[in-house]
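Novice: Sequence:
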Amino acid sequence: MQGLKSAAALLIRSSCNNNKSKLSHSFLAHCPQHSRSLSSSPPTEDDLNNQVLVEDKANSRSAILNRPSALNALNTNMGARLLKLYKAWEKDSSVGFITLKGSGRAFSAGGDIVNLYHLINQGKWEACKEFFGTLYTFIYVLGTYLKPHVAILNGITMGGGTGISIPGTFRLATDKTVFATPETLIGFHPDAGASFFLSHLPGHLGEYLALTGDTLNGAEMIACGLATHYTNSEKLRLVEHHLGKLVTDDPSLIETSLEQYGDLVYPDKMSVLHRIEMVDKCFSHDTVEEIFDALVRFYSDSHMFSLTQNNKSNQISRNRIFLYRSLPENNWKFYALHSFSSLSKKINLVQLWFL
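Add 1 to the 1-based position in the sequence shown for the working numbering, that's all there is to it.
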């Protein structure tokens, strides 16, 4: 599904020679080239613990998501281990603050949807409910955490990966950060707290990101407020080393440390943030049909819509259907029963039963 774009993303960027290298959705972790080989033996406790590693620092603890071959896709075990660690650290007076990062080229590509799919097909509904319950509980714990938290978003940060980072105190983006809430690309809807932080973005940027699954880079994240700090990835070792030596639970001192290695960046000229007025105009409507029609009118009126008539007709037909699938009804429980995707229907029903 790499390269799949919704109509809005295609229309907005059709006038530009977009040379960004963008990933189309957060579940790339499960492409065949990224999948781990299957083993006949069940994982040992050590294997499970190794999915989230821990480093002790002077006055802090660092949790490391450690499924690099799966782009650190989150499973129930990882959520449970994070919950256990974070609750213990919150009570530990020797721990001043927490850092969270991912191993390999991702922070986290989101929930392990392939594993969830297999659980659903096997009829293991309790395990499915445990998956959502564990991860959602951890997101709540992070959002109400009593100690400063630093999420280092060096790489792919999508879906559930955004949920376990955005609620924390600080979010450090880099030149390698790729952010998205791409659940609509599999017929699902943004979850893991996305309805909160997307709704707090400037204008109607949140609606745009939720409907299109489009990506933001680190510079765009800092510009719209999703990230609190930015540094070039080549300096991350210095940042982590300096954080590791801090003896404090004072957020202002941690912020000073992050700013010491910060870089000043701006979104490039092709960023959607430079078209925020158009996004606000088109994505302020109540229905996807109205949004789509507004996009077509905007580009038609400005002579920027350059697709040929045949391509235009075909693309509109495909993406009108795609965008229609992407928007939840006002009553999301009704939407859960009418999803176009059989997988997303099952996932939504699992969530419905969990709630």
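No lab work stands behind these hints, which were simulated from the structure alone. Positions of the beta carbon are idealized from the N, C-alpha and C atoms, including for glycine. Each hint should be verified, as a subset may be incorrect.
Lysine-lysine pairs mimicking DSSO-like chemistry, simulated, CA-CA at most 30 Å apart [stated by the list, open to error]:
# : residue 1 : residue 2
1 : K282      : K270
2 : K85       : K125
3 : K177      : K125
4 : K177      : K92
5 : K148      : K125
6 : K282      : K246
7 : K58       : K88
8 : K282      : K236
The calculated label-pair distances, taken between Cβ atoms and stated as ranges, are [to be verified]:
#  : residue 1 : residue 2 : range
9  : W126      : L239      : 44 to 54 Å
10 : Y141      : P203      : 39 to 49 Å
11 : Y141      : E290      : 32 to 42 Å
12 : N50       : V248      : 19 to 29 Å
Novice: Each hint needs a verdict: does it hold in this structure or not?
Specialist: A quick look at each hint next to the structure:
1. K282 <-> K270: Holds, at about 20 Å.
2. K85 <-> K125: holds (24 Å)
3. K177 <-> K125: Since the Cα atoms of K177 and K125 sit roughly 37 Å apart, the hinted pair is violated (cutoff 30 Å).
4. K177 <-> K92: This hinted pair is violated, its Cα atoms lying about 34 Å apart.
5. K148 <-> K125: Answer violated: K148 to K125 is near 36 Å, above 30 Å.
6. K282 <-> K246: violated (48 Å)
7. K58 <-> K88: With a Cα-Cα distance of about 18 Å, the restraint between K58 and K88 holds, given a limit of 30 Å.
8. K282 <-> K236: The given pair, whose Cα atoms are some 39 Å apart, is violated under the 30 Å limit.
9. W126 <-> L239: 44 to 54 Å: For L239 against W126, whose Cβ atoms are near 47 Å apart, the range 44 to 54 Å holds.
10. Y141 <-> P203: 39 to 49 Å: Between Y141 and P203, where Cβ atoms are some 26 Å apart, the hint is violated.
11. Y141 <-> E290: 32 to 42 Å: About 35 Å separates the Cβ atoms of Y141 and E290, which means 32 to 42 Å holds.
12. N50 <-> V248: 19 to 29 Å: holds (27 Å)
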